[in-house]
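J.: Taken in sequence, the protein lines are chains A and B. In terms of my numbering, the first sequence opens at residue 1 and continues consecutively. In terms of my numbering, the second sequence opens at residue 1 and continues consecutively.
Some hints here could point you the wrong way.
Okay, derived cross-link-like pairs now, BS3-like style, lysine-lysine, Cα gap no bigger than 30 Å in a straight line [to be verified]:
no. : chain 1 : residue 1 : chain 2 : residue 2
1   : B       : Lys541    : B       : Lys459
2   : B       : Lys561    : A       : Lys55
3   : B       : Lys55     : A       : Lys55
4   : A       : Lys55     : A       : Lys459
5   : A       : Lys531    : A       : Lys561
6   : B       : Lys459    : B       : Lys55
7   : B       : Lys338    : B       : Lys274
8   : A       : Lys561    : B       : Lys55
9   : B       : Lys561    : B       : Lys541
Read the hints as simulated data drawn from the structure, not as lab findings.
What follows is the residue order along each chain.
2 protein chains.
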Amino acid sequence: MRQSHLFAPTLREAPAEAEALGHRMLLRGGYIRPLAAGVYSYLPLGQRVLRNIEKIIREEMELAGAAELMLPSMQPAELWHQSGRYDEYGPELIRFHDRNGREFALGPTHEEIVTALVGQEISSYRQLPLRLYQIQNKFRDERRPRYGLLRCREFAMKDAYSFDTDEAGLDAAYTAMRAAYARIFQQCGLIFREVEADAGAIGGSGGSHEFVALAEIGEDTIAVCSHCEYAANVEKAETAPLQQSEHGADAGVPERLYTPGIRTIEQLAVAGYKPEHIIKTLIYVADGTPVAVLVRGDHEVNEIKLMRHLGAQELVLADAETVLAAAGAPAGFAGPLKLSVPAYVDREAAALRSAITGAGEQDWHLKNVRPGRDFTLERIGDFRIAREGDPCPRCHHPLESYRGIEVGHVFKLGDKYSAPLNAVYSGTDGRMQRMQMGCYGIGVSRLLAAVAEQCAGEKGIVWPMGIAPFHVHLIRVSAKDEAQRTAADTLYSRLQGEGLEVLFDDRDERAGVKFHDADMLGIPLCLIIGKGASEGLAELKHQSSGRQWELKLDDAADFIKEIVQSEMRLKENNK
Amino acid sequence: MRQSHLFAPTLREAPAEAEALGHRMLLRGGYIRPLAAGVYSYLPLGQRVLRNIEKIIREEMELAGAAELMLPSMQPAELWHQSGRYDEYGPELIRFHDRNGREFALGPTHEEIVTALVGQEISSYRQLPLRLYQIQNKFRDERRPRYGLLRCREFAMKDAYSFDTDEAGLDAAYTAMRAAYARIFQQCGLIFREVEADAGAIGGSGGSHEFVALAEIGEDTIAVCSHCEYAANVEKAETAPLQQSEHGADAGVPERLYTPGIRTIEQLAVAGYKPEHIIKTLIYVADGTPVAVLVRGDHEVNEIKLMRHLGAQELVLADAETVLAAAGAPAGFAGPLKLSVPAYVDREAAALRSAITGAGEQDWHLKNVRPGRDFTLERIGDFRIAREGDPCPRCHHPLESYRGIEVGHVFKLGDKYSAPLNAVYSGTDGRMQRMQMGCYGIGVSRLLAAVAEQCAGEKGIVWPMGIAPFHVHLIRVSAKDEAQRTAADTLYSRLQGEGLEVLFDDRDERAGVKFHDADMLGIPLCLIIGKGASEGLAELKHQSSGRQWELKLDDAADFIKEIVQSEMRLKENNK
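Input sequences plus hints: build the corresponding full structure.
T.: Below, the structure is given as structure tokens:
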């Protein structure tokens with residue numbers, strides 16, 4: 001494409017509110033523009049990257065036996081009532097009434113629609129399994145849209161759904177989709193980890209994995225083993241029980257400690273007590289019932305794990321009044337010896353031989369408290385958040401911790417939706433049974449943003465070849481030099497003839513403007529037709545490695561084609 | 001694709017409310033399913049046709065120098081207020097509030113958004129011209145959604161916009177787009193006419209053409225010359241003035257006729273007066289001011305032409321009271337001799353030498369009324385709707401009339417949007433000027449429906465090769481016969497190896513079910529692997545012509561490839 005036809009307005013400065021480097025560079029390179037908070041226009045360069053990602057997704061979905069369809073964004077509210085998510089979804093779900101007063105939701109996802117559709121059309125086991133997907137804009141009225149395309153209100157998503165007769169079928173679909181996802185992200189040039197995840201609000205029968213792009217600005221934390229394959233979202237990451245500590249093995253019976261105004265681990269630490277020798281006692285309310293949770297002073301409660309353990313829908317920290325009633329003392333002085341509610345004790349708190357705890361009395365703590373001796377250990381479990389350096393639950397080597405961006409998520413739904421929406425089939429024995437479903441999402445525009453974040457430098461984004469808006473940026477330095485004009489025109493058609501996607505900077509701008517724009521656009525290869533043209537020479541620059549070559553004009557097309565193919569083949573080989 | 005993986009539930013009967021044959025067959029073939037009134041899911045077959053159409057559109061848009069972008073569906077209401085269309089659009093515009101109470105419209109089209117965007121990013125004549133397009137679902141809350149995909153509330157549309165410095169640039173863009181549109185519709189296998197159209201509500205500086213698919217169920221009527229190139233939407237079609245009639249050349253002065261209770265042309269005809277010798281007088285209110293319109297009894301007023309002539313925004317038939325005040329008599333008895341409001345006289349009414357008119361008095365008409373003698377002719381013009389058989393305004397051969405479906409529309413907007421949304425650029429002299437815009441739309445899902453309507457028979461839709469969901473339907477008659485299994489597997493991979501899109505009916509169903517489904521799916525070529533397989537033979541059926549061939553298994557792939565290529569080449573040659 002000729003750059004004079006392209007609408008890619010570059011900016012010298014990104015707006016101050018753009019915090020993430022990738023977001024700033026997408027704005028500066030003319031890839032996207034905001035229309036409203038969390039609502040973006042994709043200018044032609046951004047749209048080209050999106051379409052390249054979509055192409056990779058379509059190829060992999062086809063290999064995974066999934067057929068593409070397109071479901072409406074206008075979704076009758078009735079279906080959301082039927083699934084029970086109409087209220088659950090809260091203000092994120094955009095709702096409106098049509099001219100006849102019928103209520104609609106603006107699709108944030110399509111479990112309801114696809115389940116109702118398949119349930120209505122499929123009646124026999126002979127028509128299963130089915131795997132369906134679509135690529136489409138979704139709408140979620142996020143409370144805090146941020147980081148440009150990373151958290152948007154209108155965004156492109158690939159959502160897929162599988163329908164099977166039994167769990168074995170669901171397992172097969174789930175495995176195929178996981179493998180397809182890994183290949184998709186590889187081909188997009190993304191640095192990512194696949195981690196075990198909590199199924200969360202959408203969740204059904206179990207299994208869930210997240211695909212997380214590594215990035216400092218990411219809102220997710222993942223724990224990855226330094227030695228084995230283990231990797232999990234921090235909400236899900238298991239901890240390995242430590243050996244019982246020798247510390248305090250010879251401690252005597254509990255003694256009262258006067259600790260006026262000392263309510264936090266930090267304050268106790270100042271007073272000379274090590275956080276790892278303290279047990280903190282927190283009071284929560286789980287579905288209306290108060291419970292206590294005990295973890296070591298240097299650990300944090302993992303509320304998701306606790307909720308799963310309790311089978312609770314809702315878990316919140318108790319208010320002051322409830323704490324006083326449950327622990328006989330205000331928060332900070334609660335302790336296991338004076339509780340009137342059940343206590344859930346983290347395994348590592350339970351392993352201490354001598355601990356500081358609250359005394360259950362204002363301004364007092366206890367020392368020499370031994371779990372199991374001084375208070376009973378009826379409910380022990382893994383209730384804390386895994387930390388960097390913790391031993392891996394599989395191999396006991398230390399875990400590493402990363403920040404990341406969730407770009408894909410796969411779930412085994414089981415009959416979570418097929419039950420309320422009545423997606424049933426008659427089995428081999430003629431009896432009606434519920435379909436076993438899985439759902440599989442990729443944030444397409446978020447994936448673009450995650451790659452941009454990983455590939456952005458201070459000059460611009462250097463795109464991986466697999467999804468770059470163009471393969472080659474052909475830059476004619478001077479529009480007036482006859483030799484350059486001829487050479488550039490010839491190479492433009494020759495490169496295109498080789499099937500390469502070429503952006504031809506045919507503008508009548510100063511050389512400095514062109515080079516500056518080229519850095520910001522970040523197309524992987526720059527072929528510069530400058531003064532050397534009169535001697536039959538051009539200059540090629542490989543943006544990500546910084547390598548440069550002087551090429552004969554006649555050889556340039558072949559040379560470039562080889563680089564592009566080898567970088568695309570790399571992609572292929574990952575399959 | 002294996003049919004066992006495809007989600008294409010066929011139906012024996014279409015729902016009774018599906019009136020159009022194409023719509024019925026899209027439902028029966030498992031191409032689409034309704035989710036709500038005017039809201040459809042595209043099942044995989046429908047989605048494949050859509051994507052084929054999109055591919056053709058993208059190729060042609062690129063040739064026309066247009067770059068693809070993607071604008072949001074969530075559009076801040078402010079921009080609609082700025083363009084003045086917020087109120088104008090009425091209840092068709094879906095509106096909602098976000099969680100912060102800000103009002104949004106759900107994009108029915110994108111003039112506001114794209115004009116604001118380009119106006120904000122482009123500042124110099126050096127950055128123009130620009131041609132941009134997108135393919136996207138739009139939302140219009142139609143009062144009466146009907147005929148399936150023909151009139152929907154959520155539908156796929158290609159919208160393009162051009163931005164130029166002057167009218168000559170706009171003309172060039174407009175011409176390029178018109179040519180691209182004609183090639184797009186040709187490649188989709190559509191039977192269509194390009195007609196002059198009225199720019200209507202969207203309209204700006206002038207020029208507008210419609211692309212109309214011929215179909216009996218169409219809501220549009222077009223007039224096409226039987227001899228020359230002239231073709232126009234009936235709202236726009238000009239009429240040629242007739243020669244002055246000899247009838248009544250010797251008639252005397254007006255005489256009163258007692259016509260008690262006779263208020264219509266039909267009643268006058270029964271009484272022995274020919275409609276073409278009657279002048280009817282209608283009272284309208286144009287932007288609040290009453291006017292009279294005179295046309296021959298056998299003609300109909302063209303309200304659009306009248307509005308354009310008057311420069312009126314609104315035109316409605318007057319109520320009884322207004323008629324009485326303007327004409328001194330109730331509707332049916334109004335006549336040109338007793339009017340107290342200006343009279344706009346159609347050229348052909350003015351050409352009569354002796355006419356029957358209302359007398360301006362209840363229960364009375366006049367005969368022997370001669371326009372120009374008995375009442376003045378100050379305001380003569382073309383105010384009637386063109387009819388089949390009328391002389392062509394260019395060559396005077398008779399016009400033909402067709403029903404059709406509007407599938408594309410191109411407009412010269414001029415500065416209709418660039419003025420209110422301030423899309424200006426600095427010209428060569430440094431002065432700020434408004435961009436000259438054009439807009440160009442294709443109803444993508446409507447185009448699918450129009451082709452379906454034209455290609456539907458009682459068995460199913462026989463798709464044109466250019467947009468068919470697959471090129472070949474490979475049908476293995478028996479899943480149990482070893483020779484058939486081997487032959488079908490071999491041909492499946494060989495056909496795919498040739499780059500053909502193949503649907504392989506690998507299901508374990510009865511032969512009758514498979515053939516019946518194949519007719520309903522309407523894939524252009526059916527390759528049947530049946531009993532002949534053991535002798536190395538297969539049967540090929542060309543669905544649109546009904547031709548059949550017995551082929552050697554070894555020759556089948558080459559033979560089919562040649563047919564597909566020749567039908568695709570036909571498409572190419574039309575470029």
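J.: Confirm or reject each hint.
T.: Tested hints:
| no. | hint | in the structure |
| --- | --- | --- |
| 1 | B/Lys541 <-> B/Lys459 | holds, 15 Å |
| 2 | B/Lys561 <-> A/Lys55 | holds, 25 Å |
| 3 | B/Lys55 <-> A/Lys55 | holds, 13 Å |
| 4 | A/Lys55 <-> A/Lys459 | holds, 28 Å |
| 5 | A/Lys531 <-> A/Lys561 | holds, 23 Å |
| 6 | B/Lys459 <-> B/Lys55 | holds, 28 Å |
| 7 | B/Lys338 <-> B/Lys274 | holds, 23 Å |
| 8 | A/Lys561 <-> B/Lys55 | holds, 25 Å |
| 9 | B/Lys561 <-> B/Lys541 | holds, 14 Å |
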